[in-house]
Amino acid sequence: MDTVIDIKHLSKSFGNNEVLKDVNFHVNKGEVVCLIGSSGSGKSTLLRCVNLLETPNGGEIIYKGKDILQEMKNIEAYRTHLGMVFQQFNLFNNLNVLENCILGQIKVLKRSKEEAIKTATTYLQTVGMEAYVNARPNQLSGGQKQRVAIARALSMNPDVMLFDEPTSALDPEMVGEVLKVMRQLADEGNTMLIVTHEMQFAREVSDRIVFMDKGVIVEQGTPEQVLTAPQHERTKVFLQRTTS
Amino acid sequence: MSLEWMFSIVENNWHLFLRAMGITLLIAIVGTIVGAVIGFIIGIIDTIPKKQTVKNYILRVINFILTCYVEFFRGTPMMVQAMIVYFGLDLAFGIDLNILTAGILVVSLNTGAYMAEIVRGGIIAIEKGQYEAAQAVGMTHFQTMVYVVLPQVWRNSLPATGNQLVMNIKDTAVLSVIGVNELFFQAKSISGANFRYFETFFIASILYLIMTFTATRLLRYMAKRLDGPQAYDKKEVL
Ligand SMILES: Nc1ncnc2c1ncn2[C@@H]1O[C@H](COP(=O)(O)OP(=O)(O)OP(=O)(O)O)[C@@H](O)[C@H]1O
Ligand SMILES: [Mg+2]
Numbered sequence: 001m002d003t004v005i006d007i008k009h010l011s012k013s014f015g016n017n018e019v020l021k022d023v024n025f026h027v028n029k030g031e032v033v034c035l036i037g038s039s040g041s042g043k044s045t046l047l048r049c050v051n052l053l054e055t056p057n058g059g060e061i062i063y064k065g066k067d068i069l070q071e072m073k074n075i076e077a078y079r080t081h082l083g084m085v086f087q088q089f090n091l092f093n094n095l096n097v098l099e100n101c102i103l104g105q106i107k108v109l110k111r112s113k114e115e116a117i118k119t120a121t122t123y124l125q126t127v128g129m130e131a132y133v134n135a136r137p138n139q140l141s142g143g144q145k146q147r148v149a150i151a152r153a154l155s156m157n158p159d160v161m162l163f164d165e166p167t168s169a170l171d172p173e174m175v176g177e178v179l180k181v182m183r184q185l186a187d188e189g190n191t192m193l194i195v196t197h198e199m200q201f202a203r204e205v206s207d208r209i210v211f212m213d214k215g216v217i218v219e220q221g222t223p224e225q226v227l228t229a230p231q232h233e234r235t236k237v238f239l240q241r242t243t244s
Numbered sequence: 001m002s003l004e005w006m007f008s009i010v011e012n013n014w015h016l017f018l019r020a021m022g023i024t025l026l027i028a029i030v031g032t033i034v035g036a037v038i039g040f041i042i043g044i045i046d047t048i049p050k051k052q053t054v055k056n057y058i059l060r061v062i063n064f065i066l067t068c069y070v071e072f073f074r075g076t077p078m079m080v081q082a083m084i085v086y087f088g089l090d091l092a093f094g095i096d097l098n099i100l101t102a103g104i105l106v107v108s109l110n111t112g113a114y115m116a117e118i119v120r121g122g123i124i125a126i127e128k129g130q131y132e133a134a135q136a137v138g139m140t141h142f143q144t145m146v147y148v149v150l151p152q153v154w155r156n157s158l159p160a161t162g163n164q165l166v167m168n169i170k171d172t173a174v175l176s177v178i179g180v181n182e183l184f185f186q187a188k189s190i191s192g193a194n195f196r197y198f199e200t201f202f203i204a205s206i207l208y209l210i211m212t213f214t215a216t217r218l219l220r221y222m223a224k225r226l227d228g229p230q231a232y233d234k235k236e237v238l
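Note that the protein sequences, when read in sequence, are chains G and B. One point on numbering: in the UniProt record's numbering, the residue at position 29 of the first sequence is 29, and numbering is uninterrupted. One point on numbering: in the UniProt record's numbering, the residue at position 190 of the second sequence is 190, and numbering is uninterrupted.
Honestly, the hints are just simulated from the structure, not real lab data. The reader is advised that the hints may include incorrect statements.
Some chain G residues well away from chain B (every beta-carbon gap over 12 Å; in silico) [to be verified]:
{"no.": "1", "residue": "His9"}
{"no.": "2", "residue": "Ile61"}
{"no.": "3", "residue": "Lys66"}
{"no.": "4", "residue": "Glu71"}
{"no.": "5", "residue": "Lys107"}
{"no.": "6", "residue": "Glu130"}
{"no.": "7", "residue": "Tyr132"}
{"no.": "8", "residue": "Arg136"}
{"no.": "9", "residue": "Asn138"}
{"no.": "10", "residue": "Val216"}
{"no.": "11", "residue": "Pro223"}
{"no.": "12", "residue": "Thr242"}
Footprint (simulated), chain G over chain B, 3 or more residues, beta carbon under 8 Å [what the hints assert, rightly or not]:
{"no.": "13", "stretch": "87-99"}
{"no.": "14", "stretch": "120-132"}
{"no.": "15", "stretch": "141-151"}
Ideal Cβ positions, reconstructed from N, Cα and C, are used throughout, including at glycine.
Same shape as in the complex, but just chain G:
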């Protein structure tokens, strides 16, 4: 199986707070991996290390056979292969929906404007936001913003989509529309790494679930293995707390 991202012995500290300790894991092509764990366990930090929004203190990030941390020169090019979706959406406030989806394509990937618009339109259709191309971020609901953010990331045609709690900032009635889009992306065979607190969703879409606690990966496996028959005490405690 093709490994897209392989993480070896990754560590990260903020000051003397060791947030990630010797983390090892990988994401295969076409795989959907959900990262779960209690608040403060380092899930976001791990995800942000993967696209270098945080600089790891040690370890390796192997992308298509190359250690990215050794070749820090072209971080920008590396990042175009990863699509990031943030909890707070982070749409560019000065641009409308379409402009949000074509800016990176034109300025970073150097695509022509026509091509960029075509690609953006395709993905805006995927997320059901093609009618809103002229809207500005402040004119959209949270669920709509997040769907545009997903389309913006997809428009770069990344190899992996990274999601950091994409539904945590949403009102409950909008969670469904975003999860539906993500489910569809998973079904289409996209490679996805998702940090989430939505256990039911994780169970349904994941090929693999990774449970983190206090900066280490405690266990990982299929949804059945991790959620139904967890091996470790810490996983059991976490699952009890989230289901009750």
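Got chain G sorted already, so can you dock chain B with the ligands onto it with the hints?
Same frame as chain G, now just chain B with the ligands:
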């Protein structure tokens, strides 16, 4: 106060008043634009991410010089700045500035110092998420600033820039100390000849008001234009 006097002052001097208004506007507008440019440049340099490199050392020196500039122009009266720029440049470097150029230079430098603070604050106020989203699609720091951050800073600092323009229209009056022929200077010289101080300056005050009022409205219109339509049109989807 007599209305007849006012009419006769306007009748006899309208071309002088108009010319002086033109000079006041020229200095205020050019000064505000150049000042805004200076402010943006300083704000941008000031917020370049600091890394432990040699380049960083140079940046620190530049930042120190810029801080001195900002403190000087914010901390001294513009009247004094005018004297220093006009006479000082001549004394120190033998540069004999044309009075109008000196006036524009003083207002530009003064506005630049205030705008630097406004822009710096504006850049800092942009949410971290905007930078991160831009980085995540692979943009460089420079691209992030140009396409995402600065347009927002520009929009957010437009009211403050408008304020600066209004202040500059009024504050050009102090340039009379170096003999710039702006509205206050002109009113002084007209009233010196006719001895109708109140009437002449009353007319001048009306003219200042017309200019500041128009400037405020124009800038508000600009801000509205930048914001785009209140509502978006939803496209037909088949
Ligand atoms: N920029 C930062 N500076 C200092 N400490 C940080 C920073 N970012 C995260 N931390 C710390 O790192 C630890 C892990 O944070 P992280 O955000 O990765 O957790 P998380 O698993 O994503 O939690 P949550 O479920 O609440 O999002 C926390 O103790 C947090 O306080
Ligand atoms: Mg988090």
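Against the structure, the hints come out as follows:
For G/His9, the requirement that its beta carbon stay farther than 12 Å from each beta carbon of chain B is met, with the minimum near 24 Å. Every CB of chain B is more than 12 Å from the CB of G/Ile61 (nearest about 15 Å), matching its label as outside the interface. Every CB of chain B lies more than 12 Å from the CB of G/Lys66, the least distance being 17 Å, so the non-interface label holds. Annotated as non-interface, G/Glu71 keeps its C-beta farther than 12 Å from every C-beta of chain B; the closest such distance is 15 Å.
Non-interface call for G/Lys107 relative to chain B: violated, since the shortest CB-CB distance, roughly 6 Å, does not exceed 12 Å. For G/Glu130, the non-interface assignment is contradicted: its Cβ lies about 6 Å from the closest Cβ of chain B, within the 12 Å cut-off. Not every C-beta of chain B lies more than 12 Å from that of G/Tyr132, the closest at about 7 Å, which undercuts listing it as non-interface. Its beta-carbon lying about 7 Å from the closest one in chain B, G/Arg136 breaks the requirement of being farther than 12 Å from that chain.
With 12 Å as the threshold on Cβ separation, the claim that G/Asn138 sits away from chain B is violated: the shortest Cβ distance comes to roughly 10 Å. Every CB of chain B is more than 12 Å from the CB of G/Val216 (nearest about 25 Å), matching its label as outside the interface. Once the 12 Å rule is applied to beta carbons, G/Pro223 is consistent with being away from chain B; the minimum gap is 28 Å. Even its closest Cβ contact with chain B, about 27 Å, leaves G/Thr242 beyond 12 Å, as expected for a residue assigned away from the interface.
Here the stretch 87-99 of chain B counts 0 residues with a CB under 8 Å from a CB of chain G, which misses the bar of 3, and the coverage is violated. As drawn, the stretch 120-132 of chain B meets chain G at 4 residues by the rule of a beta-carbon pair under 8 Å; at three or more, the given contact holds. Given as covered by chain G, the stretch 141-151 of chain B passes the check, having 4 residues with a CB less than 8 Å from a CB of that chain where 3 are the minimum.
The structure does not agree with the numbered hints 5, 6, 7, 8, 9, 13 stated previously, though it agrees with the rest.
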